[in-house]
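There are 2 protein chains.
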Amino acid sequence: MPKLTKKERQNQLVALLHKNPFMTDEELARHFQVSVQTIRLDRLEKSIPELRERIKSVAEQNYDEVRSLLMDEVIGEIIDLHLDKSAISILDIREEHVFTRNQIARGHHLFAQANSLAVAVIDDELALTASAKIRFHRPVKVGDRVVAKAKVLETKGDRTKVQVESFCGEEMVFSGQFTVFRSNTNSAREVSPGT
Amino acid sequence: MPKLTKKERQNQLVALLHKNPFMTDEELARHFQVSVQTIRLDRLEKSIPELRERIKSVAEQNYDEVRSLLMDEVIGEIIDLHLDKSAISILDIREEHVFTRNQIARGHHLFAQANSLAVAVIDDELALTASAKIRFHRPVKVGDRVVAKAKVLETKGDRTKVQVESFCGEEMVFSGQFTVFRSNTNSAREVSPGT
Chain A
1 MPKLTKKERQ
11 NQLVALLHKN
21 PFMTDEELAR
31 HFQVSVQTIR
41 LDRLEKSIPE
51 LRERIKSVAE
61 QNYDEVRSLL
71 MDEVIGEIID
81 LHLDKSAISI
91 LDIREEHVFT
101 RNQIARGHHL
111 FAQANSLAVA
121 VIDDELALTA
131 SAKIRFHRPV
141 KVGDRVVAKA
151 KVLETKGDRT
161 KVQVESFCGE
171 EMVFSGQFTV
181 FRSNTNSARE
191 VSPGT
Chain B
1 MPKLTKKERQ
11 NQLVALLHKN
21 PFMTDEELAR
31 HFQVSVQTIR
41 LDRLEKSIPE
51 LRERIKSVAE
61 QNYDEVRSLL
71 MDEVIGEIID
81 LHLDKSAISI
91 LDIREEHVFT
101 RNQIARGHHL
111 FAQANSLAVA
121 VIDDELALTA
131 SAKIRFHRPV
141 KVGDRVVAKA
151 KVLETKGDRT
161 KVQVESFCGE
171 EMVFSGQFTV
181 FRSNTNSARE
191 VSPGT
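These protein sequence lines are chains A and B, in that order.
Using UniProt numbering, read the first sequence as starting at 1 and increasing by one per residue.
Using UniProt numbering, read the second sequence as starting at 1 and increasing by one per residue.
Think of the hints as simulated: they come from the structure by calculation, not from any bench.
Among the clues, some could well be false.
The list that follows gives simulated cross-link-like pairs (lysine-lysine, PhoX-like), each with its CA atoms no further than 20 Å apart [claimed, not checked]: (1) B/LYS161 with A/LYS161; (2) B/LYS19 with A/LYS133; (3) B/LYS161 with A/LYS133; (4) B/LYS161 with B/LYS133.
Computed from a prediction, not measured in an experiment: that's the story for all the values here.
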């Protein structure tokens, strides 16, 4: 990447955060090949709040309440939720999530984040995973922030299919299709006509 | 089940434990429709050690060492291991594993047990799950003991397929097929000829 002027960098920073509001200062610093301190100063000058505040403001704007499990039972932090439609959560990978030997995040933590998001998005008092097909695309390391995005694909009878894709920055690290059993089919907004 | 004499029950108990040495006293009591205390007395009279001791004696007889991860990184307790062939682990479902609301074990704990067993069975220093197809057959409750059995199906190049089936008593509660990436294909005993 050719060296950008400060003005160019700050303009690109605004555009990038508009597209992906969950990027951390560390990820932005890597992206622009500048120091984290430079990114912080850029944010200050452009009046862009820090990540936590950006997340909160997104969350406060539009946020359904989780019904199928208790909020503190969700693995990761839910920052956006539209019941029976879509949901987003973030999980910061810390020492307790990784293998000692190679600092790679253990698969079941990424699975737990995606699985609990697939359950949380269901608009029902009881929701349990029936089956899943999952794929780990690349290793996730300590310090990475994993953003999981769930999308409800269809509901047929008492089964709802939920697609979850998890990203570090712009790179997909995990994907899965979950079939979730729900107790009360009446509460489902049927998105698959004819069933 | 017609009421058995004590002698009949004790003989069946010996046969049953021979077939499934991991059954708990509670499961045996349910099976024979007697009290747990009765089962304990039966075991004493027939000189059958308690479950932990039975497991240990199985484990001490034939047990490879885990290579792909640290022993305390395995979710559940490994009680049998033949590298690149098969492995067994047990996980006792406690309060911390279940949903508060319905006392049902959270899917990611069953997944974690199966996934770490699928990795532990690999005869390599580096093994990571690439993908999996999993199914939850019935809910598991607090107090249940989950016995997971892993079987290596085939190794092609740097990918090994591992089938894991998990049981409570004689009932299957979880199954999954895991594709595990391994770093060193030379160490694999090729079980899929021609690759």
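A quick look at each hint next to the structure:
1. B/LYS161 with A/LYS161: Not OK: B/LYS161 and A/LYS161 at ~25 Å, beyond 20 Å, violated.
2. B/LYS19 with A/LYS133: The hint is violated at about 32 Å.
3. B/LYS161 with A/LYS133: 15 Å, holds
4. B/LYS161 with B/LYS133: Distance of about 11 Å is within 20 Å: holds.
Consistency with the previously given hints fails for numbers 1, 2, ordered from lowest to highest.
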